[in-house]
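A.B. asks: Take the sequences, apply the hints, and build the full model.
Each step along the sequence shown adds one to the number in this note's numbering, with nothing skipped, and position 248 is 257.
Please note that a few of the clues may not be correct.
List time: in silico DSS-like cross-link candidates among lysine-lysine, alpha-carbon distance up to 25 Å [unchecked claim]:
1) K179 x K15
2) K163 x K179
3) K179 x K273
4) K275 x K215
5) K163 x K15
6) K98 x K46
So the derived label-pair ranges between C-beta atoms look like this [to be verified]:
7) A134 x A167: 27 to 37 Å
8) G298 x A207: 17 to 27 Å
9) L154 x R93: 42 to 52 Å
10) G115 x Q45: 41 to 51 Å
The hints are simulated quantities; they were obtained by calculation from the structure and are not laboratory data. Only a predicted model underlies this, so the values are computations on that prediction, with no experimental measurement involved. Even for Gly, the Cβ is constructed at its ideal location relative to N, Cα and C.
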Amino acid sequence: MVDYLKQHILASVPALLVISRYLSTLPDGVEESDLQKVLRPEAMAERRGASSAADDASNVLTSSLSVGEDLGLFNSERSGRGRRLWNLKDSVRDDVGRLPSADSRGFRSLVLRLLSARALEEVMAENPPSDVALALTWLLLRDPLNPLSTNWDKGPEAAFENAGMRAAVKNAEQWRALQRWARALGIATVAEVGGQEAYLLMDPTKALRDVLDRLPQQERAEQWVRQLQEILPVLGHPILVSALPEGSARHQGTPASLALAAQKLKRRGALELALSADASAAAVLRLGGQSWRIGEVRVAEVAE
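C.D. replies: Structure representation (structure tokens):
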């Protein structure tokens with residue numbers, strides 16, 4: 010198990026994208042020293058909200074390679090000269106190769122699926138998941154209408170402490186890094202209130218929209234949600250939820266953040282949520298004091 014926030018805090022989704030695109034053009038792989046020469050600092054470093062250390066493209070590259078290897082994006086081996094040779098994994102080569110040059114939505118979805126699957130795999134093997142996966146799972150179980158401040162000292166520290174989640178995120182720097190992961194993966198946005206306070210809004214609408222083509226186009230709601238959670242376990246898969254520490258918020262039924270995403274996609278015409286009077290065969294969506302008993306889900310529109 011690799012803890013991304015503690016061991017590789019400079020790793021980022023944009024850096025993984027840059028590396029993946031480059032490696033997709035080199036089927037025989039490339040030595041790490043050559044990667045360092047080719048990939049420019051401007052392409053590798055996240056500027057907004059990053060610490061000064063993020064200006065060091067070498068550290069960003071090294072951290073992102075390690076995280077990418079753990080996720081299953083990259084392979085590494087020793088070259089004939091004894092240097093480390095990096096390849097894009099065959100299992101993701103087609104996904105990366107199909108990415109439009111100006112659209113990275115497919116890549117963010119790929120990384121979220123890999124991150125979720127890796128976490129689920131670890132828990133099933135009775136190992137702890139990555140700190141990023143664990144923290145995102147917990148955040149997505151929280152009420153999205155009661156968001157946490159982006160400022161560690163104004164609520165998040167106490168919330169993580171009270172939930173027994175400090176092993177996942179223990180300081181302001183890790184909290185900033187986690188927010189970058191959440192936003193880059195399409196499961197959160199930041200909203201400013203009155204030009205002074207900013208809050209992290211957990212909203213997996215983009216992530217759900219990205220996987221609609223992988224889900225049944227018409228299915229009983231309970232089964233549809235189960236299949237969604239198999240694709241994206243951070244959206245409340247029971248096995249991954251079981252890895253949360255005692256004292257953390259637990260949920261019954263569908264997480265409220267998923268209810269928010271489903272209702273937003275319904276309003277946009279992408280989903281049809283057929284109400285049901287049969288409680289035994291329905292998925293109950295709860296959000297902000299309201300609840301809907303959904304009997305069937307139909308995918309009305311798939312993002313291209």
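A.B. asks: Can you let me know if the beta-carbon spacing of G298 and A207 is within 17 to 27 Å?
C.D. replies: holds (25 Å)
A.B. asks: Does K273 lie within 25 Å of K179 when you go C-alpha to C-alpha?
C.D. replies: violated (33 Å)
A.B. asks: Check whether the Cα positions of K179 and K15 lie no farther apart than 25 Å.
C.D. replies: Roughly 9 Å separates the two Cα atoms, so the pair holds.
A.B. asks: Next pair to validate is K163 with K15; report whether the Cα-Cα distance is within 25 Å.
C.D. replies: Holds: K163 and K15 sit about 22 Å apart, inside 25 Å.
A.B. asks: CB of L154 to CB of R93, is that within 42 to 52 Å?
C.D. replies: The hint (42 to 52 Å, Cβ to Cβ) holds, given that L154 and R93 are roughly 47 Å apart.
A.B. asks: Take a look at whether the Cβ-Cβ distance between A134 and A167 falls inside 27 to 37 Å.
C.D. replies: holds (32 Å)
A.B. asks: Does K46 sit within 25 Å of K98, going by the straight-line distance between their CA atoms?
C.D. replies: holds (22 Å)
A.B. asks: Does K215 lie within 25 Å of K275 when you go C-alpha to C-alpha?
C.D. replies: Status holds; Cα separation ~13 Å.
A.B. asks: Taking the Cβ atom of G115 and the Cβ atom of Q45, is their distance within the range 41 to 51 Å?
C.D. replies: violated (27 Å)
A.B. asks: For a C-alpha distance cap of 25 Å, please report whether K163 and K179 respect it.
C.D. replies: holds (14 Å)
The earlier numbered hints that this structure contradicts are 3 and 10.
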